[in-house]
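Residue numbers (the working numbering), protein chains in the order written: chain A, 1 to 108; chain B, 109 to 210.
Hint data in this document are derived by calculation from the structure and do not stem from the laboratory. A portion of the hints provided could be inaccurate.
Cβ-Cβ distance ranges computed for the label pairs, FRET-style [claimed, not checked]:
1) A/E16 x B/G128: 32 to 42 Å
2) B/P183 x A/Q22: 20 to 30 Å
3) A/E76 x B/A186: 41 to 51 Å
4) A/G55 x B/G128: 35 to 45 Å
5) B/N130 x A/P72: 50 to 60 Å
6) B/I184 x A/K89: 35 to 45 Å
7) A/R95 x B/P172: 17 to 27 Å
8) B/S185 x A/E93: 27 to 37 Å
9) B/R166 x A/E93: 29 to 39 Å
10) B/E151 x A/Q24: 42 to 52 Å
11) B/R193 x A/E16: 31 to 41 Å
12) A/S12 x B/Q196: 30 to 40 Å
13) A/G75 x B/S185: 37 to 47 Å
Only pairs whose alpha carbons sit at most 25 Å apart, straight line, appear in this in silico DSS-like list of lysine-lysine [to be verified]:
14) A/K35 x A/K11
15) A/K35 x B/K168
16) A/K4 x B/K135
For every residue, glycine included, the Cβ atom is placed at its ideal position computed from N, Cα and C.
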Amino acid sequence: MQGKRGDDVTKSELIERIADHQEQLSVKDVEIAVKTILEYMSQVLASGERIEIRGFGSFSLHYRESRIGRNPKTGESVALAGKYVPHFKPGKEMRDRVNDSLHRGSVA
Amino acid sequence: MVDGALTKAELAEKLYEELGFNKREAKELVESFFEEIRNSLEENEQVKLSGFGNFDLRDKKQRPGRNPKTGEEIPISARRVVTFRPGQKLKARVEAHAGTNK
């Protein structure tokens with residue numbers, strides 16, 4: 001029962017929305033700021049640190065054990081090293097707002 | 109990032125230091141960045157940030173549940189949840205870190 005979704009929001013769409021909702025900064029400024037934020041968040045995660053944004057959620061790394069994988073084409077076994085993957089846990093406000101929108105029957 | 113996790117305050121500090129935004133602008137921008145993502149998700153729109161990852165929505169049907177303490181059956185109501193799918197670039201950067209630090 002996947003409800004019909006609205007259109008996806010891309011980075012440039014997000015930048016425009018942020019710019020529309022404030023007066024001082026140009027779209028260009030907002031664009032540089034958004035790119036700086038995302039780059040810094042990526043750097044911080046890549047260095048093994050967590051990110052905690054209250055009301056939004058937290059990002060951390062989860063470890064995946066090494067395992068024996070298989071090449072789907074040849075069926076050959078391949079040893080895959082253990083690795084870290086990014087993980088996001090939505091915060092309470094995020095969970096509640098998103099879930100409430102389902103019960104509002106939100107149309108985009 | 110000497111101690112603890114990265115927060116909105118440090119992100120704002122970064123905009124102030126690197127881009128020369130004033131402190132109020134930097135703080136408001138960081139705030140509205142996260143707020144606009146939440147607004148979009150709340151409007152049933154998924155958010156796709158290339159190079160970083162996608163915030164996707166999933167609608168879950170009601171399913172049977174149980175109170176773990178009492179064993180009583182209680183249905184888990186239908187809900188909409190946010191999931192994050194990291195992009196290739198972010199995955200590669202995080203993985204590379206694990207390779208060099210272990």
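Each hint, compared with the structure:
Separated by about 22 Å at the C-beta atoms, A/E16 and B/G128 break the suggested range of 32 to 42 Å. The hinted range of 20 to 30 Å is not satisfied by B/P183 and A/Q22, whose Cβ atoms lie roughly 43 Å apart. As the Cβ distance of A/E76 to B/A186 is approximately 44 Å, the hint placing it in 41 to 51 Å holds. A hinted range of 35 to 45 Å for the beta carbons of A/G55 and B/G128 is inconsistent with their spacing of about 28 Å.
For B/N130 and A/P72, the hinted distance range of 50 to 60 Å is satisfied, since their beta carbons lie about 54 Å from each other. Distance hint check for B/I184 and A/K89: the Cβ-Cβ separation is about 19 Å, which falls outside the suggested range of 35 to 45 Å. Against the hinted window of 17 to 27 Å, the Cβ-Cβ separation of A/R95 and B/P172 comes to about 21 Å, which satisfies the hint. About 19 Å separates the C-beta atoms of B/S185 and A/E93, a value inconsistent with the hinted range of 27 to 37 Å.
In this structure, B/R166 and A/E93 break the distance hint of 29 to 39 Å, their C-beta atoms being roughly 18 Å apart. The supplied range of 42 to 52 Å is broken by B/E151 and A/Q24, whose beta-carbon atoms lie about 25 Å from each other. Between B/R193 and A/E16 the CB atoms are about 23 Å apart, so this pair departs from the stated range of 31 to 41 Å. For the pair A/S12 and B/Q196, the supplied restraint of 30 to 40 Å is violated, since their beta-carbon distance comes to about 19 Å.
Between A/G75 and B/S185 the CB atoms are about 44 Å apart, so this pair conforms to the stated range of 37 to 47 Å. A threshold of 25 Å between alpha carbons decides the hint, and for A/K35 with A/K11 the separation of about 9 Å falls inside it, so the pair holds. This hinted pair does not check out: A/K35 and B/K168 have alpha carbons roughly 33 Å apart, beyond 25 Å. Straight-line distance between C-alpha atoms of A/K4 and B/K135 comes to about 35 Å, which puts the hinted pair past the 25 Å bound.
Hint violations for this structure: numbers 1, 2, 4, 6, 8, 9, 10, 11, 12, 15 and 16, all remaining hints satisfied.
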